[in-house]
Amino acid sequence: MKRVVITGLGPVSNIGIGAAAFESGLREGHSGISTITAFDTAGFPRTMAGEVTAFDPEPILRRLDTKAWGRSSQFAAAAARLAVRDAGLRIELAEPHRVGVVVGTTSGESQVTEELGRRIAGEGFGSLPKELAAQLPAGRLAAAVSEELNVTGESVTLATACSASNYALGYAYDMVANGDADVMLTGGADSVCRWAHAGFVRLGAVAEGACAPFDRDRSGMITAEGGAIIVLESMDFAEARGATPYAEVLGYGLNCDARHMVAPNAEAIAECMRLAHRNAGVRPSDIDYVCAHGTGTAANDATEAEALHAAFDGCVPPVSSIKSMLGHTMGAASAFGVMASALAIARSFLPPTINWSNRDPAMPWLDPIPNHARPARVRVAQNNGFAFGGNNAIVVLGALS
Amino acid sequence: MNRLDIIGCGLISPAGDQLTAAFVGRPDPAEVTGMYEADLPKPVAHALASFSVRAELGRKGTSFFDRRTALTVMACNRALADADLRITDGNRRRTGVVLGTTAGSVKSSVDYAVDTFTQDPPYMVNPALFPNTVMNCAAGQSAIWLKLNGVNATVAGGRIAFLSVLRYCANAFRSQQADYLLAGAVEEFTPHTAWLSHLRRADGMLPGEGGAVFVVRPGDDSSNGARRPDAVMLAVSIGFCPNGSDRMAAIAGCVRTALARAGVPPDQIVRAASGGADNEATAEVSWRAVKDVLGHSNWERLEVEPVAGDNPTATGALELAALLALHRQRPELDGQASVLVAQNPEGAVGAAVFRGWSRDSHRG
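Line order of the protein sequences matches chains E and Z.
According to our numbering, the first sequence is numbered sequentially starting from 1.
According to our numbering, the second sequence is numbered sequentially starting from 1.
There could be a bad hint or two in this list.
Unchecked claim - Label pairs and their calculated CB-CB ranges:
1) E:N358 to Z:Q119: 34 to 44 Å
2) E:D65 to Z:Q119: 32 to 42 Å
3) E:E28 to Z:E280: 38 to 48 Å
4) E:E28 to Z:N243: 50 to 60 Å
5) Z:E56 to E:S348: 52 to 62 Å
6) Z:R59 to E:C315: 28 to 38 Å
Derived from the structure by calculation, the hints contain no laboratory data.
Source: prediction; values computed, not measured.
We put the CB at the ideal spot given by N, CA and C, even for glycine.
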């Protein structure tokens, strides 16, 4: 097995586009939440989302014809281009068939779905344009990255909802560790859209005001979007080209609640943490920071806290939710968490949970790194991802030794 | 390394549930005009027109299933029965589900979007149907139905998705994450799939419905007393062909790589399937790639689209089911090698090499 390292970060996020801007957003505890512009919010009781309002694909992309691709694919491709640049990787010098792509997503081209729905509601099925329909397949997210980078290795999209980019990173890790690829571009992408926003609002899951994970008075999540792509490569490959890795991928764990489509299960999540620790070869006491799934809903945060308490036998390291800043970026969420964890390790700070005011009496032991980033030496970090369907995926990163 | 054993198949097909009967002849398409309120582009389709989730799975736990989810759960049940694999507390943690898709249940997500334009206020969508809009709904519900706590993945890729599913499974076994996986691809017939099919293809092929789920396990363990497999996937190779590159050469490259990894010389391949295509010219690219690599003419085409209709998500799974059906009926084909290839419009390409057997020769 080869050792696998993270050498490039490509965040297209509402708190910053590019690794430096994203890191500064995390350190400063910026909020990426703003009034929704993606659709008409008339009649919606919640009108805030984490849109990447500054996203302009044209200056970033070199090959992709943006007119032919949906917003999520553009997020993925732009994030990949930024990641490759951040890694200092001259992709044209790599062997194209040794570079693969794995992208996670919840709703794929959800704005295309929305537009199809708008036309069907208005003029019926007969009005659907062929070109729009062709943009719907979710597999296009990975294809957009392969196309943009002109690489010919395996290109696959994993659609395991909100833990999809941890699933993707796990698969990419295996490809590099086993020598199937030299370089893998992996992460996730999703777009803010009317119908998913409506669904979360209707479930009563969307925050009244700010998203305040682990706060006593937390009232829900904020829907959000973005693209998050990471460069993974083997340690040998990185060393040979003189790259400086952020962190090493130590391992990951996957399991499935198999109980309920929406309500998470603490026992299964705790088991997933144990699986991840075992696969990564670490003990709970080795972990210095947990980047939580932390959606900010009352039930989800309580379940995650309960699972952490069980898996860490009561000794839980500092835990923060970057969804307090970004909102819930769905299929990109876990990859943003991987980036935050990698930066925590490489730059020695703990990203904060912003909007935090009051300790939850149900989890008095939990340190949410409230409101301000904290300097800290992070040797091992754990990144949680949970999803509809009970798809739990947890990734463990370590400092380079 | 890429090898996995296929030990059972659950088929969902309007041409019949029995594997050995489903790919015989060319069944008449079903009348579908009354199935939905919405207009359909054509009055007939290769659909399960009289399918009822309650009749098949009962009332409990199924009331909010979309069609894709219901058909997938049925396929999983059938696959486990065909493999004679019982799920117990001893194996459920290391048994999982890996499914291929194009964009999930397009009806579930698009209807949700439609509701936000027709409801007042617009967010008055049905919360109980929201989980159906995620693409991993069928995999998640199958896990709940069968109580499977192992790896649960959904791979999006349209026509290439099924080969990517097998590749995903082979990796999950290599990294020792699972002992058994339910691997497949199943698609629903809805006005949405019918109209998308109508927009994609000009040749008038009728839309289809159904698919297949297989029970797979790690390869190379047939000597430990376990039942011999129906087939083994000896190798799989997946790649991408960027715009402007030679698609035929890319597919041929995957076939060559898969054959080399499988250790099967091209002259041993006696059967090939193309994964289907939206038009004749594209299909011909796949066939020419196979022909080019095999370098001989002693192979036959395995085609399911004439029977199953246009079903890009599930064509690969149906091709493997048809291959298993052929072997099950004809012991004289035992040990023969076949290749499945696939491509999607975006440029993902792949190939996998299989060897199949009849059941009589191995099972009492």
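How the hints compare with the structure:
no.	hint	result
1	E:N358 to Z:Q119: 34 to 44 Å	holds, 36 Å
2	E:D65 to Z:Q119: 32 to 42 Å	holds, 36 Å
3	E:E28 to Z:E280: 38 to 48 Å	violated, 58 Å
4	E:E28 to Z:N243: 50 to 60 Å	violated, 40 Å
5	Z:E56 to E:S348: 52 to 62 Å	holds, 57 Å
6	Z:R59 to E:C315: 28 to 38 Å	violated, 47 Å
Going through the hint list in order, the structure does not satisfy hints 3, 4, 6.
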